[in-house]
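Enquirer: Listed below are the residues making up each chain.
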Amino acid sequence: MITEKAIMKSKDSKGASIFKKILEDKNAIHEHLKKGGKIDDLKETYQFVKPLPTRRK
Amino acid sequence: MLNPYPLEENDSLTYGFETIQGIKYKIYFLDYSYLFDEFPQINCPIYSFNIELFGGNPEISTKDDRVGVTIAYILFSFFEQLENVAVYVCDPTDERHHARKRKFDIWFKTYNDGSLVKKDGVANAGGMVLYNSIIFHKDHPEFHDLILAFNSLNSKADEK
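Chains as they are written, first to last, in this note's numbering: chain A, 1 to 57; chain B, 58 to 217.
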């Protein structure tokens, strides 16, 4: 069984930088909102998208 | 069956909803397709899916199953576009990554009607253990390439 300690001692995974980037962005956005910032302030920094299909009533 | 909370689109970047107990959630997607450039066989959009709690006090609120139903509604709408792919990473910085993974796994098992596939991985990033998942539709046109790429991302840097 692979334990967390064994994983931590092993070399970085190939996708380490991708997963870290996703987490860092999420945390930065969280901190920004926590301080009262608006999502709109961040639209140039992060690639926000609205991928849900539009539903008209 | 519970109904999802009405989805608000108060800005051009996020979705939101407010629970009956006054807890406000903001849902947003970020496009990370560019991070997968080294996998030329993958041509579909890859997004992170994020939930932010920004109003009300969840500490004093009681369990509300409509939250899970609403999030499921959003994700199933997202996957109406068959090519869409979502990546989810559990934040380990406060040592609550196990709890996050467990909660996410339970939520997925509860709401998945069989149309979605979730693959789980564990990556090492500078000594941090990152539980991660990729979710896509079972009929995704790049199903096998996505699994190969995801397995590769979670393999060690010196592995072929």
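Honestly, the hints are just simulated from the structure, not real lab data.
You may find that some hints are simply not true.
[To be verified] Derived DSS-like pairs: lysine-lysine, alpha-carbon spacing no greater than 27 Å straight-line:
{"#": "1", "chain 1": "A", "residue 1": "Lys34", "chain 2": "B", "residue 2": "Lys158"}
{"#": "2", "chain 1": "A", "residue 1": "Lys26", "chain 2": "A", "residue 2": "Lys14"}
{"#": "3", "chain 1": "B", "residue 1": "Lys81", "chain 2": "A", "residue 2": "Lys14"}
{"#": "4", "chain 1": "B", "residue 1": "Lys176", "chain 2": "A", "residue 2": "Lys14"}
{"#": "5", "chain 1": "A", "residue 1": "Lys35", "chain 2": "A", "residue 2": "Lys14"}
{"#": "6", "chain 1": "B", "residue 1": "Lys120", "chain 2": "B", "residue 2": "Lys158"}
{"#": "7", "chain 1": "A", "residue 1": "Lys14", "chain 2": "B", "residue 2": "Lys158"}
{"#": "8", "chain 1": "B", "residue 1": "Lys213", "chain 2": "A", "residue 2": "Lys34"}
{"#": "9", "chain 1": "B", "residue 1": "Lys175", "chain 2": "A", "residue 2": "Lys38"}
{"#": "10", "chain 1": "B", "residue 1": "Lys158", "chain 2": "A", "residue 2": "Lys11"}
{"#": "11", "chain 1": "B", "residue 1": "Lys195", "chain 2": "A", "residue 2": "Lys14"}
{"#": "12", "chain 1": "A", "residue 1": "Lys20", "chain 2": "B", "residue 2": "Lys120"}
{"#": "13", "chain 1": "A", "residue 1": "Lys21", "chain 2": "B", "residue 2": "Lys81"}
{"#": "14", "chain 1": "B", "residue 1": "Lys213", "chain 2": "A", "residue 2": "Lys21"}
{"#": "15", "chain 1": "B", "residue 1": "Lys166", "chain 2": "A", "residue 2": "Lys34"}
{"#": "16", "chain 1": "A", "residue 1": "Lys38", "chain 2": "B", "residue 2": "Lys176"}
{"#": "17", "chain 1": "B", "residue 1": "Lys213", "chain 2": "A", "residue 2": "Lys50"}
{"#": "18", "chain 1": "B", "residue 1": "Lys166", "chain 2": "A", "residue 2": "Lys50"}
{"#": "19", "chain 1": "A", "residue 1": "Lys38", "chain 2": "B", "residue 2": "Lys195"}
{"#": "20", "chain 1": "B", "residue 1": "Lys195", "chain 2": "B", "residue 2": "Lys175"}
{"#": "21", "chain 1": "A", "residue 1": "Lys50", "chain 2": "B", "residue 2": "Lys176"}
{"#": "22", "chain 1": "B", "residue 1": "Lys166", "chain 2": "A", "residue 2": "Lys11"}
{"#": "23", "chain 1": "B", "residue 1": "Lys213", "chain 2": "A", "residue 2": "Lys38"}
{"#": "24", "chain 1": "B", "residue 1": "Lys175", "chain 2": "A", "residue 2": "Lys34"}
{"#": "25", "chain 1": "A", "residue 1": "Lys20", "chain 2": "B", "residue 2": "Lys213"}
{"#": "26", "chain 1": "A", "residue 1": "Lys34", "chain 2": "A", "residue 2": "Lys14"}
{"#": "27", "chain 1": "B", "residue 1": "Lys176", "chain 2": "A", "residue 2": "Lys34"}
{"#": "28", "chain 1": "B", "residue 1": "Lys166", "chain 2": "A", "residue 2": "Lys38"}
{"#": "29", "chain 1": "B", "residue 1": "Lys81", "chain 2": "A", "residue 2": "Lys11"}
{"#": "30", "chain 1": "B", "residue 1": "Lys158", "chain 2": "A", "residue 2": "Lys21"}
{"#": "31", "chain 1": "B", "residue 1": "Lys176", "chain 2": "B", "residue 2": "Lys195"}
{"#": "32", "chain 1": "A", "residue 1": "Lys43", "chain 2": "B", "residue 2": "Lys120"}
{"#": "33", "chain 1": "A", "residue 1": "Lys50", "chain 2": "B", "residue 2": "Lys160"}
{"#": "34", "chain 1": "B", "residue 1": "Lys158", "chain 2": "A", "residue 2": "Lys50"}
{"#": "35", "chain 1": "B", "residue 1": "Lys120", "chain 2": "A", "residue 2": "Lys21"}
{"#": "36", "chain 1": "B", "residue 1": "Lys195", "chain 2": "A", "residue 2": "Lys34"}
{"#": "37", "chain 1": "A", "residue 1": "Lys11", "chain 2": "B", "residue 2": "Lys175"}
{"#": "38", "chain 1": "A", "residue 1": "Lys14", "chain 2": "B", "residue 2": "Lys120"}
{"#": "39", "chain 1": "A", "residue 1": "Lys26", "chain 2": "B", "residue 2": "Lys213"}
{"#": "40", "chain 1": "B", "residue 1": "Lys160", "chain 2": "A", "residue 2": "Lys21"}
Enquirer: Next, verify each hint and record whether it holds.
Expert: Here is what the structure says about each hint:
1. A/Lys34 to B/Lys158: At roughly 23 Å apart (the allowed maximum being 27 Å), B/Lys158 and A/Lys34 satisfy the hint.
2. A/Lys26 to A/Lys14: 20 Å, holds
3. B/Lys81 to A/Lys14: 36 Å, violated
4. B/Lys176 to A/Lys14: 17 Å, holds
5. A/Lys35 to A/Lys14: 34 Å, violated
6. B/Lys120 to B/Lys158: Judged against 27 Å, a Cα distance of about 19 Å means the pair holds.
7. A/Lys14 to B/Lys158: Holds - the C-alpha atoms of B/Lys158 and A/Lys14 are around 21 Å apart, at most 27 Å.
8. B/Lys213 to A/Lys34: Violated, at roughly 35 Å.
9. B/Lys175 to A/Lys38: 32 Å, violated
10. B/Lys158 to A/Lys11: 23 Å, holds
11. B/Lys195 to A/Lys14: 25 Å, holds
12. A/Lys20 to B/Lys120: With a Cα-Cα distance of about 31 Å, the restraint between A/Lys20 and B/Lys120 is violated, given a limit of 27 Å.
13. A/Lys21 to B/Lys81: 26 Å, holds
14. B/Lys213 to A/Lys21: With Cα atoms ~18 Å apart, B/Lys213 and A/Lys21 stay inside 27 Å; holds.
15. B/Lys166 to A/Lys34: 31 Å, violated
16. A/Lys38 to B/Lys176: 33 Å, violated
17. B/Lys213 to A/Lys50: 33 Å, violated
18. B/Lys166 to A/Lys50: Distance ~25 Å between B/Lys166 and A/Lys50 Cα, so the pair holds.
19. A/Lys38 to B/Lys195: 36 Å, violated
20. B/Lys195 to B/Lys175: Given that 27 Å is the threshold and the Cα spacing comes to 9 Å, the pair holds.
21. A/Lys50 to B/Lys176: Within the cut-off at roughly 24 Å; holds.
22. B/Lys166 to A/Lys11: This hinted pair is violated, its Cα atoms lying about 32 Å apart.
23. B/Lys213 to A/Lys38: 38 Å, violated
24. B/Lys175 to A/Lys34: 31 Å, violated
25. A/Lys20 to B/Lys213: Measuring from Cα to Cα gives roughly 15 Å; hence the hint holds.
26. A/Lys34 to A/Lys14: 32 Å, violated
27. B/Lys176 to A/Lys34: 31 Å, violated
28. B/Lys166 to A/Lys38: Between B/Lys166 and A/Lys38 the Cα gap is close to 34 Å, so the pair fails against 27 Å, i.e. violated.
29. B/Lys81 to A/Lys11: 40 Å, violated
30. B/Lys158 to A/Lys21: 19 Å, holds
31. B/Lys176 to B/Lys195: Roughly 11 Å between the alpha carbons, so the hint for B/Lys176 and B/Lys195 holds.
32. A/Lys43 to B/Lys120: 33 Å, violated
33. A/Lys50 to B/Lys160: Status holds; Cα separation ~25 Å.
34. B/Lys158 to A/Lys50: Holds, at about 25 Å.
35. B/Lys120 to A/Lys21: The hint is violated at about 32 Å.
36. B/Lys195 to A/Lys34: 37 Å, violated
37. A/Lys11 to B/Lys175: 25 Å, holds
38. A/Lys14 to B/Lys120: Violated, at about 39 Å.
39. A/Lys26 to B/Lys213: 24 Å, holds
40. B/Lys160 to A/Lys21: 23 Å, holds
Violated hints, listed in ascending order, are 3, 5, 8, 9, 12, 15, 16, 17, 19, 22, 23, 24, 26, 27, 28, 29, 32, 35, 36, 38; each of the other numbered hints is respected by the structure.
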